[in-house]
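Whole structure, please, built from the sequences with the hints as guidance.
If you're matching them up, the sequences are chains A and B in order. Just so we're aligned: 96 in this note's numbering is position 96 of the first sequence, and the numbers increase by one with no gaps anywhere. Just so we're aligned: 52 in this note's numbering is position 52 of the second sequence, and the numbers increase by one with no gaps anywhere.
Hints are computed from structural coordinates only; laboratory data are not their basis. It is possible that part of the hints are untrue.
Here are the simulated lysine-lysine pairs, DSS-like style, with alpha carbons at most 30 angstroms apart [as the list claims (entries may be wrong)]:
| no. | chain 1 | residue 1 | chain 2 | residue 2 |
| --- | --- | --- | --- | --- |
| 1 | A | Lys151 | B | Lys32 |
| 2 | B | Lys68 | A | Lys94 |
| 3 | B | Lys32 | B | Lys63 |
| 4 | A | Lys93 | B | Lys63 |
| 5 | B | Lys68 | A | Lys151 |
| 6 | B | Lys76 | B | Lys32 |
| 7 | A | Lys193 | A | Lys234 |
| 8 | B | Lys32 | B | Lys70 |
| 9 | A | Lys94 | B | Lys32 |
| 10 | B | Lys76 | B | Lys63 |
| 11 | B | Lys143 | A | Lys151 |
| 12 | A | Lys151 | B | Lys70 |
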Amino acid sequence: MKITINQIPCECERGESILQIARRNGIEIPTLCWHDGFPGQGACRLCIVEVIEGGRAKIVVSCVYPVERECEVLTESEKVRRQRGMILALLRKKAPDSPEIQALCERYHAPEIERFLPETGSRCVMCGLCVKACGELSVGAIATVNRGVEKEIATPYHEPSSACVGCGSCAYVCPAGAIPVQEMEDVRIIWGKTFSLVHCQDCGRVIGTAEELAAAAKKSGQEPDTLCADCRKKMIALSFRHTYGEIHR
Amino acid sequence: MQIAKEEIMEILQAYPQEQRYSLAILQDMQRKYNYIPREGMEALAEYLGCPLSSLYSMATFYKALSLKPKGEHIIKMCDGTACHIRGSARLRDGITRLLGIDNGETTPDGLFSLELVNCLGSCALAPVVVIDDTYYGKMTVEKLPGLLDTYRRGENT
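Take a look at the structure:
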């Protein structure tokens with residue numbers, strides 16, 4: 001199947017999302033709640049594009065819009081730009097303290113709106129990527145709590161979670177830098193809980209928290225890691241050299 | 001209030017150990033205790049093998065579930081359009097004066113909780129007050145003390 005995005009013809013499969021097709025063809029569409037590991041949340045609405053199908057134009061959310069038939073896609077039309085600017089302006093009211101959102105606002109010329117008060121001190125845009133990452137990669141220690149304007153991301157009872165292993169996946173995927181992590185020499189503090197860090201036995205680089213490594217080992221049924229990814233590769237290479245001998249060219 | 005583990009297990013074991021029953025189980029707990037005790041929520045997470053966070057998320061999302069202990073009798077006061085026009089605000093003040101509680105609060109003796117609700121679908125009876133599951137239509141501030149007394153004396157349980 002073939003569609004055009006900004007007049008560029010793109011090969012695609014039926015059912016692929018427009019965002020995926022655009023990314024594959026090097027066409028930029030801004031996103032916040034998209035992560036390659038957790039695609040298609042459709043929460044931030046930043047990836048809106050205009051789709052022209054059978055002479056009718058409509059705005060769709062490209063990360064969750066599957067291509068069904070040939071169409072023309074515009075990622076930077078006047079309408080898209082105006083609406084995207086408004087979405088960003090509203091997100092900025094929700095998360096005025098996030099430099100990431102601020103940068104996007106400047107880049108996409110978000111208008112200033114006076115009608116709403118900014119939620120001072122907030123960096124979170126409630127995209128839910130952290131909850132997804134924690135649930136699928138880790139232990140499900142955080143979730144959305146309450147509803148409507150009071151909705152927030154939190155641990156049960158707002159207490160340090162007994163389930164949390166301190167892996168930091170939530171902070172890593174967060175597009176707005178909203179989850180505070182403090183990392184010192186030997187400890188990591190996240191969600192109000194302090195974890196001791198494990199260092200690589202060879203190079204001394206941080207490889208994770210003791211709880212995180214234990215949880216991963218339990219899942220895989222192997223001993224917890226003691227080396228970082230690079231040192232592990234080096235070790236495997238060494239054992240290869242030992243087995244097969246050095247290859248000289 | 002001390003909550004017996006056996007009692008909680010009894011509620012849990014009425015359902016298969018599948019996450020899709022979590023809301024039904026939480027509702028059963030709410031019905032039995034008038035709130036979701038923390039012990040209950042933790043036992044449920046263990047029973048279903050699901051994260052506590054997802055249950056906490058559910059319990060805080062639904063208005064029908066409460067994490068704080070509620071009174072023995074729950075007064076639902078309708079503040080929908082019809083009831084509002086017919087003076088539900090006066091009734092609310094009346095309750096606050098008589099019991100010292102406002103929306104979402106519980107009396108210190110644990111007897112009454114007040115909840116403002118939006119519409120009970122009984123607009124012809126406006127203003128409506130529902131105590132536990134009994135509807136009292138065309139309510140007035142004058143009728144309130146007598147009505148509350150019948151609950152205090154345990155005549156309406």
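Which numbered hints fail: 7, 9 and 11
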